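J.: Once you have looked at the hints, place chain X on chain A.
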Amino acid sequence: MSNIEQYQGNLQYAVDIVLCIDATGSMFPVLDSVKSSALQFHDRLNDEMAKKGKAISQLRLKVIAFRDFGDDPSTAIQQTGFLRLPDQSKDFEGFVRGIDASGGGDIPESGLEALALAINSPWEQGLDRRRHVIVMFTDAPAHPLGTHASAPSYPAGIPGSLDDLFEQWGYARSQTSVMEQSAKRLVLFAPDQAPWSDPIAEEWDLTLHFASKAGEGLEEFEMDEIIETIANSL
Amino acid sequence: MTGHQDHREAPTAPAGMLSPYPAAPPSVPTPCPAGPPDPASRAPVQPPPPPTPASYQPDPAPPDARPTGTADRPPVPQRLWCADEEGLLALSVWTERVAGRGEDAEPFVAHHRAGLQGMLAVFDGSGGAGAAPVWQASDGASRTGAWVGARVARLATDVWFHDVTVEGEEATPKTLREYLRFFLGYAPQRRSKISGTMRRQLPTTLAGVHYRVAGNGYEPQVELQPLWAGDSRAYVLRPRTGLRVLTRDHTRESDALELLRTDPPMTNLVCADREFEIAGRRLAYPLPCVLVAATDGFFGYVHTPADFETLLLRTLRDAGTVEEWADLVRREVQGYTADDASLALVALGYHGFPDLRAQFASRHEELTVRYVRTRPRGLDRPSLAADGTGGRVTGTEDAAGLPARVRLWQDDTWRAYRAGYETDLPPAPEEHA
Numbered sequence: 001m002s003n004i005e006q007y008q009g010n011l012q013y014a015v016d017i018v019l020c021i022d023a024t025g026s027m028f029p030v031l032d033s034v035k036s037s038a039l040q041f042h043d044r045l046n047d048e049m050a051k052k053g054k055a056i057s058q059l060r061l062k063v064i065a066f067r068d069f070g071d072d073p074s075t076a077i078q079q080t081g082f083l084r085l086p087d088q089s090k091d092f093e094g095f096v097r098g099i100d101a102s103g104g105g106d107i108p109e110s111g112l113e114a115l116a117l118a119i120n121s122p123w124e125q126g127l128d129r130r131r132h133v134i135v136m137f138t139d140a141p142a143h144p145l146g147t148h149a150s151a152p153s154y155p156a157g158i159p160g161s162l163d164d165l166f167e168q169w170g171y172a173r174s175q176t177s178v179m180e181q182s183a184k185r186l187v188l189f190a191p192d193q194a195p196w197s198d199p200i201a202e203e204w205d206l207t208l209h210f211a212s213k214a215g216e217g218l219e220e221f222e223m224d225e226i227i228e229t230i231a232n233s234l
Numbered sequence: 001m002t003g004h005q006d007h008r009e010a011p012t013a014p015a016g017m018l019s020p021y022p023a024a025p026p027s028v029p030t031p032c033p034a035g036p037p038d039p040a041s042r043a044p045v046q047p048p049p050p051p052t053p054a055s056y057q058p059d060p061a062p063p064d065a066r067p068t069g070t071a072d073r074p075p076v077p078q079r080l081w082c083a084d085e086e087g088l089l090a091l092s093v094w095t096e097r098v099a100g101r102g103e104d105a106e107p108f109v110a111h112h113r114a115g116l117q118g119m120l121a122v123f124d125g126s127g128g129a130g131a132a133p134v135w136q137a138s139d140g141a142s143r144t145g146a147w148v149g150a151r152v153a154r155l156a157t158d159v160w161f162h163d164v165t166v167e168g169e170e171a172t173p174k175t176l177r178e179y180l181r182f183f184l185g186y187a188p189q190r191r192s193k194i195s196g197t198m199r200r201q202l203p204t205t206l207a208g209v210h211y212r213v214a215g216n217g218y219e220p221q222v223e224l225q226p227l228w229a230g231d232s233r234a235y236v237l238r239p240r241t242g243l244r245v246l247t248r249d250h251t252r253e254s255d256a257l258e259l260l261r262t263d264p265p266m267t268n269l270v271c272a273d274r275e276f277e278i279a280g281r282r283l284a285y286p287l288p289c290v291l292v293a294a295t296d297g298f299f300g301y302v303h304t305p306a307d308f309e310t311l312l313l314r315t316l317r318d319a320g321t322v323e324e325w326a327d328l329v330r331r332e333v334q335g336y337t338a339d340d341a342s343l344a345l346v347a348l349g350y351h352g353f354p355d356l357r358a359q360f361a362s363r364h365e366e367l368t369v370r371y372v373r374t375r376p377r378g379l380d381r382p383s384l385a386a387d388g389t390g391g392r393v394t395g396t397e398d399a400a401g402l403p404a405r406v407r408l409w410q411d412d413t414w415r416a417y418r419a420g421y422e423t424d425l426p427p428a429p430e431e432h433a
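Those sequence lines, one after another, are chains A and X. According to UniProt numbering, the first sequence is numbered sequentially starting from 1. According to UniProt numbering, the second sequence is numbered sequentially starting from 1.
These aren't lab readings, by the way, just hints derived from the structure by calculation. All values reported here derive from a predicted model rather than from experimental measurement. A couple of the hints might just be wrong.
Over 12 Å on every C-beta distance to chain X, these chain A residues come out as not near it, computed from the model [what the hints assert, rightly or not]:
no. : residue
1   : 36
2   : 46
3   : 84
4   : 150
5   : 158
6   : 201
7   : 205
Some but not every residue of chain A turned toward chain X, in silico, with C-beta under 10 Å [to be verified]:
no. : residue
8   : 161
9   : 203
10  : 212
Across the chosen pairs, the derived CB separations fall in these ranges [said to hold, decoys possible]:
no. : chain 1 : residue 1 : chain 2 : residue 2 : range
11  : A       : 106       : X       : 281       : 54 to 62 Å
12  : X       : 98        : A       : 177       : 30 to 38 Å
13  : A       : 149       : X       : 282       : 53 to 61 Å
Think of the CB as a built atom: it goes at the ideal place given N, C-alpha and C, for glycine as much as any other residue.
One chain only, chain A, in its complex shape:
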C-alpha cells in the first residue's frame, strides 16, 4: 500500500497477529479445525473490518506451533517470522498446513514459552493505529516457565516465571512492558485452568478468554463472535 493510500482513508490500522497453536497429540481431534480457523482468520478479520468501514493498511501474521520441551525439545517450538499478507499467503498456508498433532508427553505443555516468544515478537512500530494481537489455541494447562529451561533448544530470553512474563506483558504505568499498551490484545482459546483463566485472563489487561474443556472444547468456539470482538477492538 502506498503512502498516498494510507492518507486517503484517514487513519488506518496496522495489524500484527501472532497465532500460538498447540500441536501436541491431544489436539489431534481438533487441530484441523484450529488450522482452518487460523487460515481463515485474516480473511474473516478483513471482512469484518470492511463491514465496519475500517481499513487495514498492513496485515502481518506470525505462527508459533508448540509442544512440550519436557517431551521432545527438538520439536517443542516451530515458528515463522512475521508474514505480510496477502503477499506471503502461500508461506503462511504452507506452514499452517504442515503442523501435525504429535507428541506432548504429559498433560501440561510449553504454552507459556510460546506466549513469551509471542510477546517478544518484532511488532510493527511505525504507521498509525497499531494493533498487536496474540491468539493462543490450546487444550491443556502449561508447565511453569523455566521447568525445562535446561533443554538444549530452549529459547534464550524466556522469562523465568509467570510474574516475569506478566512484567513483559505490562500493566498500568508499567516500566517493564515490551508490548505497546494501546496496541496489545491477548485472545485465549484455552481450558478454564491455570495459568490461562487465572491469572492470565482474569488479571492481565486486554484479554479475551474463550474457555474450553481440555481436549474437546475448542470445537465449540464461536468464531464469528471472536472475530467481531477483535475487529471491534481495533
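T.: Coordinates of chain X only, in the frame set by chain A:
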C-alpha cells in the same frame, strides 16, 4: 415521563426515582429524539423550515443513500433534530457508518424552560468489549451488548434529567451513576462463554453536560457540569476562545493528538457488570456560549484536533438555519469518519442563528489561516481541501514524503492549538481498572 406502565415487581429504585420501573428491554429509538416527551414544558420546539440561503444547496438524499424505490442498497441511517427559539438553538446529528450495525445511541438533548436548565449527552456503545448479541428486536434483528448498553444509558440519562428538574433529584455524577446502574441492571444480558479483562456487559461511553442558566440580566452566565465515562467528549465553544474540551478521556494517554494516532483502550466506561465512575466537575461561563457533546466518530478520525472545531465553524458559516447546519455537519462527518458518529449541540444566549453565525465568523477565518491553509498537499479528501484542488497529489509531487510532512504538520498545528483547547481540561484522575 418515559412510559413506565409496567407495574411488575422491581427492585428498589435509587432514592428520589419514580418506582416501579419497567423490566422491559429498551425500545428502538424514535426518529426525532427531542428529549422528553412533553414538548410544552421541556423540549424546544422545532420550527418550520425557513427560506434557504444561496450558500446552502439542499441535498435530500445523503451521499450513500438511494432514491426512494431503489431497494438494492439500504440508505445509511441518519437522524437530525434541531430547535431554534429566542436564546436557545439546538441540534443533534446521528449517523451509522454501516447501516444496521451502529452502536451509538441517538444523542440526548433536553431543555427545561421553567427551570432554565438542560442536558445534552451522547452514548457510544463499545463494540470491542460488548460484541456479543444480547437481545433480539421484534423485527428479528440481533442487537449486541454495546448497542443495548448505549440505549439503556440514554434512557437512564433521560430519567435522571427528568428527576433532577421535576423531582428535586441532586444533579451529581453519583446520582447519574446510580440511575445508570439501576437501568442497566434491568437490561437484557446474555451469559457469554467469553470472559477476560476486555469483556464488559452492556458497555458504553457517556459524555454530556448538565447546564443551568444563572446570573442576572446584566451578567448572564451558564453553570455547567460536564459528566462523562469513557472516550466521548464534551466541549464549550465560544467566539474568542474557540473550542475547549471539558472532559478527559478515560484512557492512559491524554494527549489529544496521540489519542488520534493510537486510539488506545478505555480504562473506565459505563457497563452492567463492573464498577465504573461518572466523572464530573462544575464550571461557569458567561453567556452566550455553545455546548457540544460528541462521540469519537466526530473527533477521532480527523488529522489534527483543530479539525473538529473547523468542521463545526465551516458548516456554521455555510448554513442559513440550524437545520441546515445540522445537515451540513452530518454530510461532513459522513465524508471522513470510519465510525458511527453522534453529536449534540446547544447554543445559549444568541439572538437567533444569524447572530450565532456572525459571532463565529472571525474565529473560523482564524482557524482557516492557521490550520487549513497550512495543510500538506495530498492530505485531504476534496471536501476538506482549502484551495479548491481537492488537495490531491500530482504525479510530480513527493508522495513518499507525505507521511513525514503530515506528521510534522500535525505536531506543529497541535502545538499551536493545544493551549487554548486544553484550558479547561480536567486534571488527571487516579487510574481506573
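J.: Determine for every hint whether it applies to the structure shown.
T.: Structure-based check of each hint:
Chain X leaves residue 36 of chain A outside its interface by the beta-carbon criterion, the shortest separation being 20 Å against a cut-off of 12 Å. Look at residue 46 of chain A: its CB is around 15 Å from the nearest CB on chain X, clear of 12 Å, so calling it non-interface holds up. No beta-carbon of chain X comes within 12 Å of the beta-carbon of residue 84 of chain A; the shortest separation is about 18 Å. Against chain X, the non-interface label of residue 150 of chain A holds: every CB pair exceeds 12 Å, the least being about 33 Å.
Annotated as non-interface, residue 158 of chain A keeps its C-beta farther than 12 Å from every C-beta of chain X; the closest such distance is 24 Å. Taking the minimum C-beta to C-beta distance to chain X, about 5 Å, the non-interface status of residue 201 of chain A is violated against the 12 Å cut. Not every Cβ of chain X is farther than 12 Å from the Cβ of residue 205 of chain A; the closest lies at roughly 5 Å, contradicting the non-interface assignment. At its closest, the beta carbon of residue 161 of chain A sits 21 Å from a beta carbon of chain X; the interface hint therefore is violated under the 10 Å criterion.
Taking 10 Å as the C-beta cut-off, the interface hint given for residue 203 of chain A holds, the closest approach to chain X being about 7 Å. About 9 Å separates the beta-carbon of residue 212 of chain A from the nearest beta-carbon of chain X, less than 10 Å, and the hint is met. A hinted range of 54 to 62 Å holds for the C-beta pair residue 106 of chain A and residue 281 of chain X, which are about 57 Å apart. At roughly 34 Å, the beta-carbon separation of residue 98 of chain X and residue 177 of chain A lies within the given 30 to 38 Å, and the hint holds.
As the Cβ distance of residue 149 of chain A to residue 282 of chain X is approximately 58 Å, the hint placing it in 53 to 61 Å holds.
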